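A.B. asks: Below, each chain spelled out in residue letters.
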Amino acid sequence: MTVLEQRGAYHPSPPPAWRPRTDPAPLLPDAEPHRVLGTDAARGADPALMRRLYGELVRGRRYNAQATALTKQGRLAVYPSSTGQEACEVAAALVLEDRDWLFPSYRDTLAAVARGLDPVQALTLLRGDWHTGYDPREHRVAPLSTPLATQLPHAVGLAHAARLKGDDVVALALVGDGGTSEGDFHEALNFAAVWQAPVVFLVQNNGFAISVPLAKQTAAPSLAHKAVGYGMPGRLVDGNDALAVHEVLADAVRRAREGGGPTLVEAVTYRLDAHTNADDATRYRAADEVEAWRAHDPITLLEQELTARSLLDEAGIEAARADAEAMAADLRARMNEDPPLDPMDLFAHVYAEPTPQLREQREQLRAELAAEREGA
Amino acid sequence: MTVLEQRGAYHPSPPPAWRPRTDPAPLLPDAEPHRVLGTDAARGADPALMRRLYGELVRGRRYNAQATALTKQGRLAVYPSSTGQEACEVAAALVLEDRDWLFPSYRDTLAAVARGLDPVQALTLLRGDWHTGYDPREHRVAPLSTPLATQLPHAVGLAHAARLKGDDVVALALVGDGGTSEGDFHEALNFAAVWQAPVVFLVQNNGFAISVPLAKQTAAPSLAHKAVGYGMPGRLVDGNDALAVHEVLADAVRRAREGGGPTLVEAVTYRLDAHTNADDATRYRAADEVEAWRAHDPITLLEQELTARSLLDEAGIEAARADAEAMAADLRARMNEDPPLDPMDLFAHVYAEPTPQLREQREQLRAELAAEREGA
Amino acid sequence: MTTVALKPATMAQALTRAMRDAMAADPTVHVLGEDVGTLGGVFRVTDGLAAEFGEDRCTDTPLAEAGILGTAVGMAMYGLRPVVEMQFDAFAYPAFEQLVSHVAKTRNRTRGAMPLPITVRVPYGGGIGGVEHHSDSSEAYYMATPGLHVVTPATVADAYGLLRAAIASDDPVVVLEPKRLYWSKDSWNPEEPAAVEPLGRAVVRRSGRSATLITYGPSLPVCLEAAEAARAEGWDLEVVDLRSLVPFDDETVCASVRRTGRAVVVHESAGFGGPGGEIAARVGERCFHHLEAPVLRVAGFDIPYPPPMLERHHLPGVDRILDAVGRLQWEAEG
Amino acid sequence: MTTVALKPATMAQALTRAMRDAMAADPTVHVLGEDVGTLGGVFRVTDGLAAEFGEDRCTDTPLAEAGILGTAVGMAMYGLRPVVEMQFDAFAYPAFEQLVSHVAKTRNRTRGAMPLPITVRVPYGGGIGGVEHHSDSSEAYYMATPGLHVVTPATVADAYGLLRAAIASDDPVVVLEPKRLYWSKDSWNPEEPAAVEPLGRAVVRRSGRSATLITYGPSLPVCLEAAEAARAEGWDLEVVDLRSLVPFDDETVCASVRRTGRAVVVHESAGFGGPGGEIAARVGERCFHHLEAPVLRVAGFDIPYPPPMLERHHLPGVDRILDAVGRLQWEAEG
Ligand SMILES: Cc1ncc(C[n+]2csc(CCOP(=O)(O)OP(=O)(O)O)c2C)c(N)n1
Ligand SMILES: Cc1ncc(C[n+]2csc(CCOP(=O)(O)OP(=O)(O)O)c2C)c(N)n1
Ligand SMILES: [Mg+2]
Ligand SMILES: [Mg+2]
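Chains as they are written, first to last, in my numbering: chain A, 83 to 458; chain B, 83 to 458; chain C, 17 to 350; chain D, 17 to 350.
No lab work stands behind these hints, which were simulated from the structure alone. Because the structure is a prediction, the values reported are computed rather than measured. Be aware that a few hints might be false.
[Stated by the list, open to error] With a straight-line Cα cutoff of 30 Å, these simulated DSSO-like cross-link-like pairs (lysine-lysine) come out:
hint : chain 1 : residue 1 : chain 2 : residue 2
1    : C       : K201      : A       : K154
2    : D       : K201      : D       : K23
3    : C       : K201      : C       : K23
4    : D       : K201      : B       : K154
Okay, chain A solo, but in the shape it has when bound (with noise of 0.2 Å):
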């Protein structure tokens, strides 16, 4: 039996039979989001994995005052910083197994990064040398992607395929709230609904798309609520207990991983930035909401929590700020070298062989190129 004859025969019955094809009522996301830290359920939780997601969190803090700090200093063409999303960020990276995927969008680097790759090839787009720096295959992430919600039916594809080759691989991949609305976005869950692909959808809900709030985007009772209409599970979760939304992915990846299908998760959180560097948000929003949300800040929240049981203590705290500031410095240090260019690159990547033509315009650029050196 084919991977896709496993879904079953179709057998239409006249309505006198109806039934629905699947049952709603555990599609529907809980009333509440999922929360763990500051709740009786912290106590079940592994203190390594807190600990782990804590050090990621300082990390990715500071990750994202740098490469805010390089842009003013022009060594990054733009960035669309994750301040205050990076429990979501880092939940996401550590979630996967080396062998899984990860497919994030431009907001994405520090989900990279949290997984492994190391930052400068990370922020190469946004740097402006080339468009991707890694081999997506070599880090199983792929590129960042742009166009919004584009990435979605590649993460159901690229699930789907591994699952036909019989691999135990799970694609995990990373949508706005905006980007709920395009078209992709539908096509993409339904795709893999009816493929039953091991893909987990994880959208940040972090209040805006760049200016447009939640509420002129969406009228759904939440963003979780559209995977009824897909016939997958919707899960909301706070998207700033790193440990919620890491349980919360943990069992949507488990249960892709099993041949349960895919899920969407809603995490709510909050975009305390504006949306990137070049972006003015007092524009459209006001200080004291941007406050109220500093009041729940990720890495605050799991800092009381560990802190509170004692896993974690003054020296702890200091560490984890020292290994991020390395990490910055270290950024810091290898940004400030400008990255080795190549004009022929432009030729060398459009297709296999260049065509005749781009061999010729290769030349074209060549000649220019050394009547410009020989000029200077």
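Assemble the complex: chain A is given as a structure, and chains B, C and D with the ligands must be docked to it using the hints.
C.D. replies: What follows is chains B, C and D with the ligands alone, placed relative to chain A:
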């Protein structure tokens, strides 16, 4: 306060105070498709409406047969029959006020005809003498849409525009089960819900998208469940029960007119004929499936109710048939005449004013035709 | 007529002003798109419109380009004049089916009964250091779609005039706005009624006798600069700014080329399959016996738009234009 | 080598055979699209593949073209070779963003680390009496997109050869299949290894001395017919079948035009902004001093594709081609 401001300001709240934007419970469709015929509820139904529906169903069935016959005689380029789906087509047409708008797909010429369009005009696209045979504004019937689901955002935009102008107009858009997989379906429903546009979406789930059965199209509990993800109510109805379809649509239209926003209605029905005259349905479905659905024929269902309640007798049935025959005879006669054709029309309507390039090309064709006439 | 002092303004400001004036003059004009309302657009081109005309007239939509253009079609069907903003060139692609299969064809489909007066504003082209997908030159796609008008301003005054004309047109118009000219400044008098240009007219921006540079939008300033530099080489270049790609102004273009006998088409869009092919072919067909040399093209390379740090090598610059002019077989002349 | 009897087959059959052979030879080849499985496609081009290779290898997808192409991208990222069928030309438009922003660019984006060996089959063009949206010639869109190969067969043997080559290519190839030639028949030997054509080579289908008709796909038979008819007028026409629009075979085309000194480009796609502009411009640039007359174009009109009853007036036919040949300034010759 503007129309769009009515939806209320955005008051985001951190997860501790999270609450759903909409209560999902009332949005969920019932577990069973709504039915009236054969139930106690039918007794309360308006006899005049029932008779009207009956007459139109009989005409509709005859219309489908006639149009299919015309393809065999080369009088239509192609015909996608709605045989078996007449209850949906007819109810959609009858539920609307004159000022309302209908947005049909390529399969829905019958809905346009039941709304009052001349069948010859409605069939222009399929006859092949032009793309649209009527003035959409005169009849408030949008052009038949061939690219699937693309008409849905049009319906939303029109309904929204009417509301902005303060007009009491509802748009009803038709789409197939296959069409629900398209990105445009998603985007249209989302816009409709966010804007609270007065629009009703009627999905005719006839079990197939050409050869592809519903199980390969979606894993959702029902297509009506897709509504929840947009924050609009989803309604499930027996699409072969003309009274039930009319009732559910009438509720949705009323709700839209009163400012309550959009509704998604899934009508469960069946395409008794092949996809079009050019299709061979035996390649993908068994005869017994078709037979099972024939036993749930929309005309029979209504006829049984009417005769049981003595609202219809043999003479009435005869009269309906005769009326349908007359319509078919007239259609046949008029379709057997060649439509007037003017090749110069190719250039007449591309722009308000032909471009200089089109003027040149028009003269070229004029000269060619003159030469052809001379040669002949 | 009173004399009005000319005030310097940017192209972005002229575009804003065009929408404002159109909205004030005609209550059926509606602006919609991503971030066009509260934020005033990522380029601030719709700045102030929501404040002045309300959210119903200048609307932040959900993030879905096919939905934006598709609902605009419905709004136009009901008699409104939607002005749609696509945030960047490459983000108009999701709306391609709505554009090609409906926006471009509905008038024709309905024998003129249902024209669609929709304006689609697309910030386009490179040179602003944008990352991938923010610098595409997509004009070839629109030019190849019968039923659309396609215009692109290169000056502040034209930005106002062409956008006003587009909004006033009963047919759909794609207005390609050169991003890198958004902040170009010019003295310009918006009270001047002549500021509303008719669609479909090219203009000679610089007269010359040696050869014609045919260009538009973002490449106009580069061509004018090249023409200045060419004087040192003894070439007196004429520069034609097309302004309208559809309809195409054969008359102005051919009159120039017949005069000069030589032509180079310049644009930053990829050369192969780009607008220059059509333009060079038309000139070749119509001016064959006046040509002293083949019509040459200077265009972007046939590659995906490069990353910011390499874009200068891709964009046609003065040197590349002069190089092409130098290949116009001058020796064969005398 | 044994002699194999040539068997007549239709172009549709050759395409089916190409996929079957590719699937048998390479387990990573997967076919997906609307109705490609159980039904075998609305044109029956995938007939039998699901039965032979199973539903996992030839898959009926949900009805969503961006989803189809988007999932194909993901499959290719994992090492498969997806062959995607778009049901009709105009129904490929919803996938435009995936095609332009991902399929065409991913190899380049990743410096060659992640090539996408995707074949996109698009039945295209008119002449089959199809209602609106079923007869578009969309090749200009694909040609203007760097990173795509674009091929279009005009013969049964090329249908097999080009599709095999497309599937074998490590780069994305758009295979434009001329619908109205699906049922054209030819004797053809699929066992012949030479049947796999390399991409990017044009071929001279008919030699002649007077002028060159440059064409491809659905217009090839029309051009060959025109060439026959031209003999009566004393013209001996050469006919070049491009086969590959990207890459473009300048060599074969220019060699022919340099020989004949005159050229007409023929295609049914709309003329303005269509492939003919690029082709005529290239020939003009490269063969200028060999040309006795301007390169002319015979193309579809610049209009939305007409309804079935009027399409014959739109499609370039023998008379329109001969008329253009007649305008090649023969008097200027002697
Ligand atoms: C298809 C497409 N349309 C528009 C854009 C421009 N754009 C970039 S980010 C953005 C907002 C995205 O919002 P969301 O999905 O919520 O993600 P966030 O930025 O909040 O992480 C927009 C409109 C784009 N990148 N792609
Ligand atoms: C965008 C688009 N893709 C593909 C097609 C080709 N096509 C025509 S009808 C059809 C199936 C439609 O199925 P469904 O939506 O269920 O409507 P039904 O035919 O059952 O009424 C397909 C794939 C199309 N018309 N438009
Ligand atoms: Mg967001
Ligand atoms: Mg159906």
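A.B. asks: Take the hints in turn and mark each one as holding or not.
C.D. replies: Hints, one by one, checked against the model:
For the hint pairing C/K201 with A/K154, the CA-to-CA distance comes to about 26 Å; that is within 30 Å, so the pair holds. Restraint check for D/K201 and D/K23: satisfied, since their Cα atoms lie roughly 10 Å apart, inside the 30 Å limit. Annotation: proposed proximity of C/K201 to C/K23 holds, straight-line Cα distance about 10 Å (limit 30 Å). About 26 Å separates the Cα atoms of D/K201 and B/K154, which keeps this hinted pair within 30 Å; it holds.
When held up to the earlier numbered hints, the structure conflicts with none and fits them all.
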